[in-house]
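**Student:** If you're matching them up, the sequences are chains D and G in order.
Each step along the first sequence adds one to the number in our numbering, with nothing skipped, and position 78 is 78.
Each step along the second sequence adds one to the number in our numbering, with nothing skipped, and position 34 is 34.
Source of the hints: derived by calculation from the structure; they are not laboratory data.
One thing to keep in mind: the hints can contain errors.
What the hints assert, rightly or not - Derived BS3-like pairs (lysine-lysine); straight-line CA-CA distance at most 27 Å:
| # | chain 1 | residue 1 | chain 2 | residue 2 |
| --- | --- | --- | --- | --- |
| 1 | G | K50 | G | K23 |
| 2 | G | K23 | D | K42 |
| 3 | G | K21 | G | K50 |
| 4 | G | K50 | D | K42 |
| 5 | D | K42 | G | K106 |
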Amino acid sequence: MTMTESELAAIVGRPIPGGTYTIEPYVDWLLNDVVGSPRDGKVAHPLFAYISVAVGKGVSWDEVFAICGATAADGPMFGEHETVLERPLEVGESFSVSGEFVSAERKRGKRTGVFDIVGFRLALTDAAGELAASTYNSIVFPRRDA
Amino acid sequence: MTIRVGTVIPSWELPAVSAEKMKTMALVLVDPNPIHFDLDAVRALGMGEKPVNQGPNNVAYVMNMLAAWTGGHEHLRGIRVRFQGNVLGGDHVVARGTVSALREEKGRTLADCAVELMVGERVVLAGTATTDVTHLTGTQD
Numbered sequence: 001m002t003m004t005e006s007e008l009a010a011i012v013g014r015p016i017p018g019g020t021y022t023i024e025p026y027v028d029w030l031l032n033d034v035v036g037s038p039r040d041g042k043v044a045h046p047l048f049a050y051i052s053v054a055v056g057k058g059v060s061w062d063e064v065f066a067i068c069g070a071t072a073a074d075g076p077m078f079g080e081h082e083t084v085l086e087r088p089l090e091v092g093e094s095f096s097v098s099g100e101f102v103s104a105e106r107k108r109g110k111r112t113g114v115f116d117i118v119g120f121r122l123a124l125t126d127a128a129g130e131l132a133a134s135t136y137n138s139i140v141f142p143r144r145d146a
Numbered sequence: 001m002t003i004r005v006g007t008v009i010p011s012w013e014l015p016a017v018s019a020e021k022m023k024t025m026a027l028v029l030v031d032p033n034p035i036h037f038d039l040d041a042v043r044a045l046g047m048g049e050k051p052v053n054q055g056p057n058n059v060a061y062v063m064n065m066l067a068a069w070t071g072g073h074e075h076l077r078g079i080r081v082r083f084q085g086n087v088l089g090g091d092h093v094v095a096r097g098t099v100s101a102l103r104e105e106k107g108r109t110l111a112d113c114a115v116e117l118m119v120g121e122r123v124v125l126a127g128t129a130t131t132d133v134t135h136l137t138g139t140q141d
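Looking at chain G on its own, in the form it has when it is part of the complex (with noise of 0.2 Å):
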């Protein structure tokens, strides 16, 4: 695999999150929050007929991508990311990044990414990620 600056990496989509999942998800954050369960809750709040996903399951999505990537979580060094906007139940999220820069670390191989989460035309999750691409042939800046 060659990796150079401006490199597309694969993205990695979900057809349709999950309402059921966010309740497993509220008690493995242990998060009482009853956007993400409770939809007479998510009425009352005037926020639609659907559950909100949680943040950190948008943050997995694109760790996922990366993941594919590159062959593993283990390769994942870093990710900072501003949240932009809410996923609900049913949406089609599509997660997306660009290799930004690429460096060298203590005898590794660092690729910088740009990365965001969609929905539809929507950013609801952005930022950057690190990655170890060492093991990847071919990786020239």
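Here chain D stands alone, though its shape is the one from the complex (with noise of 0.2 Å):
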């Protein structure tokens, strides 16, 4: 059953467990390789911010539909990405990942019907304790049986 507006209004602010990662050599190869991008060996492919947080955020994607009040099945989709970079991130370097739900949305559509997008916010911190990079997701779910 679809979560009521409240319950998704109380998802904003939760935060997300988060953990650490680190861009492993063989990672960065098999990475560039995916995306034809030419290996640099130091400078790590700035799709490793996005990486770092997806992999490193300490809950499976199946466990943030569930917050969400949805599972795969529902056919959720990214809506938008922004990754903001403080600096170069590198190959071998490890971070730690934090973050929180920041926005949730209901919206409905003459075409699509009612859906809600939940973004949500995750950050890359190095082993100095500085801010790397930062990254926005947002997820839109769809809401058949509103």
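Taking the hints as your guide, dock the two standalone chains into a single complex.
**Tutor:** Structure below.
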């Protein structure tokens, strides 16, 4: 059953457990091969800002969907993505990942029906305790029974 | 290189998105969604006969375009995009961009760019990106 709008609003401010992520050299090799980018060997591909938080966020996607009152079978979709880099990420670096849900909004479209957009921010902090990058992602949840 | 508002960034393209590399990416992202690697699951969901590329790959193609233009990934400061459509295995993707503003920040010259990823005439991803262009000579507004 679709969560109420007050239940949806209660997601905002909920912390995401977080964890750690290391840009392993072999994963940097694989990622650059996947996306067709020349490998630098020192500077990591900037997509690692996203990969680091996606893998190091401390909860699975299924758990994120459950927090949002949904499952993978509901067909959640990426809405928006933002990466802000304070500096280049380096191959071999380790980061702490932390963040929280920052927005949750119900919308109604004539063509699309009811859907919710839930946003969360996650940050990468380096070994010196300095912010290296931050990301924002939103996920669109169709609410077919709303 | 002279960079102005309106400068068109050289496009970056991939002639055919590899279904096999989506399998590698599923492991890199620890993403269990079968639409990226299991054609039986894709068919069962009524999504056709081709796997769906991971959204982050599509962002990476735009990052690659900016790196090729500026000389490396170390110059990227940020990117914000909206996902507007799926990219499928075998699709020919083209990343394009245009400089929309030039500004100074802490002694550096930053270029704000409108960026998009195309499959044919279809926009599958669009947004903005900011990259440091201080090292590229002749920058002017």
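**Student:** Run every hint past the structure and note whether it holds.
**Tutor:** The hints, checked one at a time:
1. Taking the CA atoms of G:K50 and G:K23, the gap is about 13 Å. The hint holds against a cut of 27 Å.
2. Proposed proximity of G:K23 and D:K42 is supported: the alpha carbons are some 25 Å apart, at most 27 Å.
3. As the CA atoms of G:K21 and G:K50 are separated by approximately 13 Å, the hinted pair is consistent with the 27 Å bound.
4. This hinted pair does not check out: G:K50 and D:K42 have alpha carbons roughly 35 Å apart, beyond 27 Å.
5. Annotation: proposed proximity of D:K42 to G:K106 holds, straight-line Cα distance about 25 Å (limit 27 Å).
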